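> Sequence:
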Amino acid sequence: MSRKQLLMIAGGIVLILVFIFFLCPTLFPGLCKKPCKKVMVDLEIWGVYDEPEVFNKLIETYEKQNKECVNIKIDYKKKNFNDYEEELINAFASDKAPDIFMIHNTWLPKHKDKIKESSETILPFVDFRTAFVDVVEQDITDENMIYGLPLYVDTLALYYNKEYFNTAGISYPPATWDDLILAAEKLTKRNQSGQIERAGITLGTVENINRPTDILSLLMLQNGTEMVSENRDSVNFDNSVRREDSLYYPGQDALRFYTDFANPSKITYTWNRQMPYSIDAFTEGKAAMMINYSHHIATIKSKAPYLNFAVSPMPQLKERNFDINYANYWAFAVSERTKLPEEAWKFLIYLTNKENSQKYLENTKKPTARRDLVDWQKEDLEFGVFAKQSLTAKSWYQIDNNKVETILANAITSVNLGSSSISRALETAASQINLLMKK
Numbered sequence: 019m020s021r022k023q024l025l026m027i028a029g030g031i032v033l034i035l036v037f038i039f040f041l042c043p044t045l046f047p048g049l050c051k052k053p054c055k056k057v058m059v060d061l062e063i064w065g066v067y068d069e070p071e072v073f074n075k076l077i078e079t080y081e082k083q084n085k086e087c088v089n090i091k092i093d094y095k096k097k098n099f100n101d102y103e104e105e106l107i108n109a110f111a112s113d114k115a116p117d118i119f120m121i122h123n124t125w126l127p128k129h130k131d132k133i134k135e136s137s138e139t140i141l142p143f144v145d146f147r148t149a150f151v152d153v154v155e156q157d158i159t160d161e162n163m164i165y166g167l168p169l170y171v172d173t174l175a176l177y178y179n180k181e182y183f184n185t186a187g188i189s190y191p192p193a194t195w196d197d198l199i200l201a202a203e204k205l206t207k208r209n210q211s212g213q214i215e216r217a218g219i220t221l222g223t224v225e226n227i228n229r230p231t232d233i234l235s236l237l238m239l240q241n242g243t244e245m246v247s248e249n250r251d252s253v254n255f256d257n258s259v260r261r262e263d264s265l266y267y268p269g270q271d272a273l274r275f276y277t278d279f280a281n282p283s284k285i286t287y288t289w290n291r292q293m294p295y296s297i298d299a300f301t302e303g304k305a306a307m308m309i310n311y312s313h314h315i316a317t318i319k320s321k322a323p324y325l326n327f328a329v330s331p332m333p334q335l336k337e338r339n340f341d342i343n344y345a346n347y348w349a350f351a352v353s354e355r356t357k358l359p360e361e362a363w364k365f366l367i368y369l370t371n372k373e374n375s376q377k378y379l380e381n382t383k384k385p386t387a388r389r390d391l392v393d394w395q396k397e398d399l400e401f402g403v404f405a406k407q408s409l410t411a412k413s414w415y416q417i418d419n420n421k422v423e424t425i426l427a428n429a430i431t432s433v434n435l436g437s438s439s440i441s442r443a444l445e446t447a448a449s450q451i452n453l454l455m456k457k
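Sequential numbering from 19 applies to the sequence shown in the numbering used here.
The set of hints was computed from the structure by calculation and includes no laboratory data.
Note that this is a predicted model, so its numbers are computed, not measured.
Just so you know, not all the hints are guaranteed correct.
[As the list claims (entries may be wrong)] For lysine to any residue, the following SDA-like pairs were computed, each having C-alpha atoms within a straight-line distance of at most 25 Å:
{"no.": "1", "residue 1": "Lys284", "residue 2": "Lys421"}
{"no.": "2", "residue 1": "Lys75", "residue 2": "Leu141"}
{"no.": "3", "residue 1": "Lys82", "residue 2": "Asn98"}
{"no.": "4", "residue 1": "Lys96", "residue 2": "Asp145"}
{"no.": "5", "residue 1": "Lys97", "residue 2": "Lys421"}
{"no.": "6", "residue 1": "Lys304", "residue 2": "Thr317"}
{"no.": "7", "residue 1": "Lys421", "residue 2": "Lys383"}
{"no.": "8", "residue 1": "Lys134", "residue 2": "Gly187"}
{"no.": "9", "residue 1": "Lys383", "residue 2": "Asp341"}
[To be verified] The calculated label-pair distances, taken between Cβ atoms and stated as ranges, are:
{"no.": "10", "residue 1": "Glu81", "residue 2": "Ala193", "range": "45 to 55 Å"}
{"no.": "11", "residue 1": "Thr79", "residue 2": "Val57", "range": "15 to 25 Å"}
{"no.": "12", "residue 1": "Thr382", "residue 2": "Asp101", "range": "15 to 25 Å"}
{"no.": "13", "residue 1": "Arg261", "residue 2": "Leu454", "range": "22 to 32 Å"}
{"no.": "14", "residue 1": "Gln213", "residue 2": "Lys114", "range": "28 to 38 Å"}
{"no.": "15", "residue 1": "Lys421", "residue 2": "Arg442", "range": "13 to 23 Å"}
{"no.": "16", "residue 1": "Ser252", "residue 2": "Tyr190", "range": "18 to 28 Å"}
{"no.": "17", "residue 1": "Asn89", "residue 2": "Asp271", "range": "53 to 63 Å"}
{"no.": "18", "residue 1": "Glu380", "residue 2": "Asp145", "range": "16 to 26 Å"}
{"no.": "19", "residue 1": "Ser252", "residue 2": "Glu161", "range": "14 to 24 Å"}
{"no.": "20", "residue 1": "Glu78", "residue 2": "Leu454", "range": "41 to 51 Å"}
{"no.": "21", "residue 1": "Gln213", "residue 2": "Lys457", "range": "39 to 49 Å"}
{"no.": "22", "residue 1": "Leu325", "residue 2": "Leu454", "range": "18 to 28 Å"}
The beta-carbon is built from N, C-alpha and C at its ideal position, and this holds for glycine as well.
Using the sequences provided together with the hints, build the complete structure.
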């Protein structure tokens with residue numbers, strides 16, 4: 019065989035190899051797939067509130083997309099919210115933890131040791147920051163490590179009875195707290211004995227208000243309160259700040275503002291501890307306004323299908339140049355105990371991408387956590403308010419959200435009962451939370 023023939027044969031072999039490795043997978047993907055070893059992947063997911071039907075199609079699609087080299091099976095289980103956290107803790111203690119589980123946006127401080135963070139190769143931090151609204155980074159990351167991904171972010175907003183507003187000649191819902199005070203005074207209805215028959219707004223107490231400490235936290239944040247120290251080793255909401263030439267206590271001012279709505283000696287008095295539960299008062303026409311999250315739109319429609327109500331943005335301080343809203347949401351986290359952390363994270367990235375997040379939001383009627391879906395949702399008559407507010411949502415570092423909630427609730431009640439001054443109530447609350455942070 020001549021040298022020329024040998025060179026031609028060698029050249030042909032090279033061309034064939036180039037075709038196999040570079041062109042064939044592109045031109046004929048069905049014929050040129052590289053052989054792979056089938057991997058078995060079983061992922062167990064725990065969630066709250068959402069039924070399995072919400073995720074079934076998304077899971078089915080993911081399983082089909084990955085069936086080539088991975089035999090993947092994903093099992094979502096809805097857990098009872100009332101004992102979910104306890105069940106989760108027990109599952110970790112008995113080495114029966116799920117691969118993926120839901121965490122509340124305030125849970126990272128107390129459950130971080132149970133979570134496997136994402137790697138930079140699976141989810142670059144810059145991509146995470148670009149995809150989600152700011153509060154998610156605040157709540158679910160630590161030192162640029164990502165500990166979870168949410169499908170939605172809820173915020174507090176103002177519910178109002180349109181019939182009462184129209185009858186009172188109030189054309190628009192209040193945009194500022196000053197406007198809200200005027201509207202509440204105008205909408206409050208008293209009998210001949212001076213007793214409140216209809217509240218202007220459900221504010222001021224604890225036991226008959228839904229999420230009272232969230233509302234107080236919102237007021238503190240809006241008022242410029244520094245909730246925790248920079249290194250997160252103590253709370254500062256009882257501290258003073260210097261404004262102009264004097265000391266000012268923004269946390270005290272927020273607590274006073276809240277409790278004055280239940281103080282008979284104040285002009286803002288419109289609510290008390292004898293009134294019905296806030297959601298019931300609103301649905302029964304015994305309150306003109308209520309502050310709450312988006313998921314109670316469905317609650318109100320269920321309790322009072324013919325109630326003429328609407329939702330408007332959360333009132334803000336008129337002297338502020340920017341809005342501050344308060345966040346409440348759940349995110350999916352990967353268990354520190356899972357044997358398949360990379361597969362678990364890959365599924366969460368798939369689940370919370372733009373397309374699947376939109377499907378989830380359409381199905382569950384919740385406001386978006388993704389920046390790139392705000393424009394899509396902001397014109398929605400019911401959820402547009404919440405979608406836009408997600409961009410300005412805030413939260414704060416709570417070492418144990420349940421205990422912090424109880425402590426702040428006790429502070430409010432002590433002021434309601436007159437057993438403590440505003441300053442003393444906040445000082446006591448701060449001292450108790452600081453003890454928790456030192457443990």
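> Would you mind marking each hint as holding or not holding in the structure?
Now for the hints, and whether the structure bears them out:
1. Lys284 - Lys421: Given pair Lys284, Lys421 is violated - Cα atoms ~30 Å apart, limit 25 Å.
2. Lys75 - Leu141: holds (24 Å)
3. Lys82 - Asn98: Given pair Lys82, Asn98 is violated - Cα atoms ~30 Å apart, limit 25 Å.
4. Lys96 - Asp145: Not satisfied, since the Cα-Cα distance of roughly 29 Å exceeds 25 Å.
5. Lys97 - Lys421: Between Lys97 and Lys421 the Cα gap is close to 22 Å, so the pair holds against 25 Å.
6. Lys304 - Thr317: holds (16 Å)
7. Lys421 - Lys383: violated (30 Å)
8. Lys134 - Gly187: Judged against 25 Å, a Cα distance of about 55 Å means the pair is violated.
9. Lys383 - Asp341: Holds, because 24 Å separates the two Cα atoms, which is no more than 25 Å.
10. Glu81 - Ala193: 45 to 55 Å: holds (48 Å)
11. Thr79 - Val57: 15 to 25 Å: Holds, at about 19 Å.
12. Thr382 - Asp101: 15 to 25 Å: For Asp101 against Thr382, whose Cβ atoms are near 22 Å apart, the range 15 to 25 Å holds.
13. Arg261 - Leu454: 22 to 32 Å: holds (30 Å)
14. Gln213 - Lys114: 28 to 38 Å: With a Cβ separation near 55 Å, Gln213 and Lys114 fall outside 28 to 38 Å, so the hint is violated.
15. Lys421 - Arg442: 13 to 23 Å: holds (20 Å)
16. Ser252 - Tyr190: 18 to 28 Å: violated (42 Å)
17. Asn89 - Asp271: 53 to 63 Å: Given a distance of about 60 Å, which is inside 53 to 63 Å, the answer is holds.
18. Glu380 - Asp145: 16 to 26 Å: holds (24 Å)
19. Ser252 - Glu161: 14 to 24 Å: holds (19 Å)
20. Glu78 - Leu454: 41 to 51 Å: holds (44 Å)
21. Gln213 - Lys457: 39 to 49 Å: holds (46 Å)
22. Leu325 - Leu454: 18 to 28 Å: Cβ of Leu325 to Cβ of Leu454: about 41 Å, so the range 18 to 28 Å is violated.
Going through the hint list in order, the structure does not satisfy hints 1, 3, 4, 7, 8, 14, 16 and 22.
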